[in-house]
Amino acid sequence: MIELIGVSKKYGATIAVNQVSFKVNEGENLVLLGTSGCGKTTTLKMINRLIEPDGGQVLIDGKDIKQQNPEKLRRGIGYVMQNIGLFPHYTIEENISVIPKLLNWEKDKTDRRIIELVDKLHLPKDSLKLYPNELSGGQQQRVGLARALVADPSLLLMDEPFGALDNVTRGSIRKEFKDLEELKRKTIVMVTHDVQEAFELADRICLMDKGEIMQVGTPKELLLNPLNDFSRKFLDGERLALEFKMIRISDVWANLHEASYVSENRFSPELSVWDAMEKLRSGNLSELIFEDEKGVFKKISFDILMRAFNQYKNTNQHG
Amino acid sequence: MDEQQQTLWQFMLMESDKLLNQTLQHIGLTFISLLFAIAIGLPLGILIARKRALSGTVLGIAGILQTVPSIALLGFMIPVLGIGAKPAIVALLIYALLPIIRNTYTGIIGIDKHIIEAAKALGMDKAQILFKIEFRLAMPVILAGIRTATVINVGVATLASYIAAGGLGEFIFGGISLNNTNMILAGAIPAALLAIVLDALLALVQKMNFKNLRKTLTILPILLIVLSAFYILPSAYGSGLKAGFTPEFMGRQDGDLGLKTAYGLKINTVVISDAVMYKAAYTKELDVISGYSTDGRLKAFDLKILKDDKGIFPPYYAAPIVLQSSLAKFPGLENTLNLLSGKISDSIMTDLNYRTDYLHQSPERVAKDFLVKNKLYKVPGKGQSGTVKIGSKIFGEQYILAEIYSMLIRGNTDYQVETKTGLGGTKICFDALLNNQIDLYPEYTGTGLLAILKPDKRLVAAVITNKDKTYAYVRTEFVKKYKIKWLKPIGFNNSYALMMRQKQSAELNVYSITDLKHHLDNN
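The listed protein sequences derive, respectively, from chains S and P.
For the first sequence, position 189 (counting from the first letter as 1) is numbered 381 according to the numbering used here, and the numbering increases by one without interruption.
For the second sequence, position 202 (counting from the first letter as 1) is numbered 745 according to the numbering used here, and the numbering increases by one without interruption.
Simulated from the structure, these hints should not be mistaken for laboratory data.
Glycine is no exception: its CB is placed at the ideal position from the N, C-alpha and C atoms.
Be a bit skeptical, because a hint or two may be false.
Per label pair, the in silico range of CB-to-CB distance [stated by the list, open to error]:
(1) P/Gly603 - S/Lys376: 35 to 41 angstroms
(2) S/Asp303 - P/Ile583: 38 to 44 angstroms
(3) P/Gly653 - S/Glu462: 49 to 55 angstroms
(4) P/Gly606 - S/Gly329: 37 to 43 angstroms
(5) S/Gly329 - P/Asp742: 36 to 42 angstroms
Please take these sequences and the hints and turn them into a complete structure.
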């Protein structure tokens, strides 16, 4: 568990981070979201003392990190960065085994762990003897991730981890990342400026502006109950798409009618509104049938879905 | 051309011992100083990469040190470090420093800062980041600096022979003084090859990928130390007297070779430049030196000439030598130059030299004082009938003579004068005259005979014992061979001479070269 209490950082007269406080629970994925210069990266770097705060406290598992040796602290925290930062003069294997070496692991243990990670992260096995410049950008990012995960830290910090990738690769790696077993039990703090990415990966989002926290909450809370103008305006551009992706058929379940017939093609109500719309469109269908775990069947068409969605929004926004 | 190459080859074979020794010394000097330069430059480079505020100052100082002319730098070293290996190594080190510091600094600050951040974030401490990351990534740039320093060192190491530190400069400068092309090439070609080969090898290392570089980097320091060891510090001179002879003297029949054959003199000898030799004798770094009999420093440093009782040093009477074409082009020039004939004796010349060399009066002033005193000075004319070009070699006496002639010509004729002083050794001066770059310069009969004409031994023996015969011979031959005329001798005889400190000479009872031999044989 991580806790920031009134953490601040100044550079000369500019206040980069002002009195930031939040908690990240065990196994939670908190995304620091904001425009460039909002202080999100500075905040992240103060968690492993790459940047020393001018004020406030950072606690990891209840212990003040100021009291710990910075090198030892960092060896226990995974760190993934936008520019990947692989060492160009090290092979992939050597890059991944930097921390095990610093921790004086036995060679066997390191080797086993590397093979395990290569497998989990879908890296080609023969890449271990290669140098970073011989890999594609996507592969390099996986190596960066492997390097951060090798000592199985319970805490992972990620600074725009997909920022250096092209859009297509970014999408696919993000999906893989989400499904990665290795990451599911980790406490993760991630920085991004990409709203889509934040909503896709975050358990909670911490929205920042000019060094201050604007709102902390689940993606749904941010979308439906913005605390202030900034929160509202920040998401406005992509609001509709985000809402479609965020809200599931199960959310609007009460607003749908039971189906009068049963089709062979049935879908789970865990599908998002966005996905349901895509199914209608791509299959050129006029209706879809859903079945929940209780065996209740419901039917949607474009019109029905839109109506139910609007009803859901009206009730939740003001509730 | 074939003949020339063959004789060069023959020369190299004949002198193969010396050549090998000099080459090894050269390599050793280059690398021992490089080793020290790396040991100092690398940490300094790292320091200024950490504390950027210092970078301007450190790089500035290293830059200024590098612009000091090498000869001057060697000169500065002598009062502090004496002669021989120490000052040579320090001087070379100073030249090698700038490229090493600068490239270490540039190499380190040029590393992508994200890589350093990654290293920090993974939990490396400062030392680990320096040695595992920064150093390794900056290595190609650092190696480029070391490569530059190596090539600079090979070049500058030729000058080490000026201060008795050995190296291929002994052949090069000996050859220039002796007008011996083969000797110059025997030193210059290996030096050039050395530079080219080392440059190419280091270029290979520099372009290696990280994998090969890693292996090479473990071998390189060992290699560096082994190469440095080629230069076994010539500090173990043993007891007894130590002699310092100029490269020119070393190669001459009427020099070291004659001392060996005629006197059977065996003395511990180092090669050293004329410029620092007298001082080194004065400061007791050397005991016996091969000086010139009219040198002002003889007086300044209280040195005593040992009598040449077997007459191996030929007469070196000075006289202006002039292109015949120039005498025709400038009527009245010959008479003007001859005004000086017989006016300067040995003691007068020594005194004039003393004034420039030791009292640091300018050659112009010394020349003018002399002319005024002898009522030869006249106010310069307008100089509208053409320009006479006067050359001189690169030592004090020649500067004074060039000034005296220049004033005589300006005062007595309507010619303008242009002086080209400091033309190095005999070869450079004489070639300048032959190619009409200059019209005249003061030369010595002995040099004309032994360094320029080089007749066979029999003929040398016949004319060398008598100063008039020597003069008559060079006068006739120069006209015949080169269309150059020897004018009347100035008067003084600036011959070679062995000299010692007055005090030591008295203590040891050594007054002649034969005495010296006896003393050496008995101790």
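Consistency of the hints with the structure:
Distance hint for P/Gly603 and S/Lys376: a CB-CB separation of about 58 angstroms, inconsistent with the stated range 35 to 41 angstroms. Distance hint for S/Asp303 and P/Ile583: a CB-CB separation of about 42 angstroms, consistent with the stated range 38 to 44 angstroms. Between P/Gly653 and S/Glu462 the beta carbon distance is about 52 angstroms. The supplied range of 49 to 55 angstroms therefore holds. Between P/Gly606 and S/Gly329 the Cβ separation comes to about 42 angstroms, which falls inside the hinted range of 37 to 43 angstroms.
Checked against the hint of 36 to 42 angstroms, the pair S/Gly329 and P/Asp742 passes, with Cβ atoms roughly 38 angstroms apart.
Comparing the model with each earlier hint shows a violation of hint 1 alone; every other hint is respected.
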